[in-house]
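Asker: Spelled out from the first residue to the last, the chains are:
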Amino acid sequence: MNRVLYQLPLTLLLLVFATPLLAGIETYTFETPEQERVYKKLTEELRCLVCQNQNIAGSNAELAQDLRKKAYEQVKQGKSEDEVVDWMVDRYGDFVLYRPPVKATTMFLWVGPLLFLLIAFVVLWRIGRARRSQPSEADSVDEQSLEQARQMLENKLEKKES
Amino acid sequence: MKSMRYVVPLLFFIALVALLLKGLGQDPKEVPSPLVGKQAPAFTAQQLHVPEKQFSAADLKGQVWVLNVWASWCFSCRAEHELVTRMAREHGITVVGLNYKDEPADAKAWLQQFGNPYVTSVMDQQGDIGIEYGVYGVPESFIIDKAGVIRRKVIGPINDSPDEKPQNSVEELLAFMNKLEAEE
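Residue numbers (this note's numbering), protein chains in the order written: chain A, 1 to 162; chain B, 1 to 184.
Hints are computed from structural coordinates only; laboratory data are not their basis.
All values reported here derive from a predicted model rather than from experimental measurement.
Each residue gets a CB set at the ideal place from its N, CA and C atoms; glycine is no exception.
With a Cα cut of at most 16 Å, we get these calculated EDC-like pairs of lysine to aspartate or glutamate: (1) 29(B) x 94(A); (2) 69(A) x 128(B); (3) 165(B) x 30(B); (4) 38(B) x 90(A); (5) 70(A) x 128(B); (6) 69(A) x 132(B).
One side only, chain B facing chain A, incomplete, derived with CB under 10 Å: (7) 31; (8) 35; (9) 127; (10) 130; (11) 131.
Could you put together the complete structure from these sequences and hints?
Answerer: In structure tokens:
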């Protein structure tokens, strides 16, 4: 009982200093649910250039905060998702996109995996065909060794019978 | 013909290794800027030392100049500062400072301590001009030609050592600007 008496206020005190409460994450309010959806999608698909393996929704880098703000302002002005994305790409390049656009320089990126899969299928098919057309080893056993085997078996059988 | 069965996959493998090796040699922190070859974004901003006076990027039309993004809190800026100073003082390069997300008092003290190579420094306390230029780390520098087109973006500190990024070497940048200077 005694312990609880001093543990409880201490716990409450610690809660006050808990980092989520201090971490000033900006709260944005939207006029329509659609705007909020667009904003969420944008921040999840745009890459933070400072910590490159995070999107700007998940990063706490100052630049990510600034870009979130820019995205919010534009969404609130009624800009479409594509317009905001173009705005970002104009300044930071395709690198801000987690989903690279399909164009000449990124063709290999998009088609590459399919190409490799195709190559793998061709190789597999050719191996299969080669296997089938090749006479298997069982067919190529010559008469002499067959005869040998037959005799060995017969000898064994005779021994058992005796 | 039979030997081809091994040669083709081997060549394939070698090509793949070469591709991956090339990728390893690249610095992922160096994001190519889409602004190179485009008109430098226009901006008008307060000057650090004379806040009542505005500076506009258009003021320098007809000149080759450098926009050097710096901040007093930026450690690598100190490393390149000596070279920026050399470019300005010894080679007569026009360098404009973009004082990025800084406190004016800190920025002024920093310049007092390390010397001021800038024709002027403009304040970008909110980082808005920085975003227009696609700045994502400090220091960065933009080389702008007489027509106001960004011709090169230097990411990270300028250096004068052969061991560091050759595209950031001060000699290379000076040579590049000499070439721009010769253009009409």
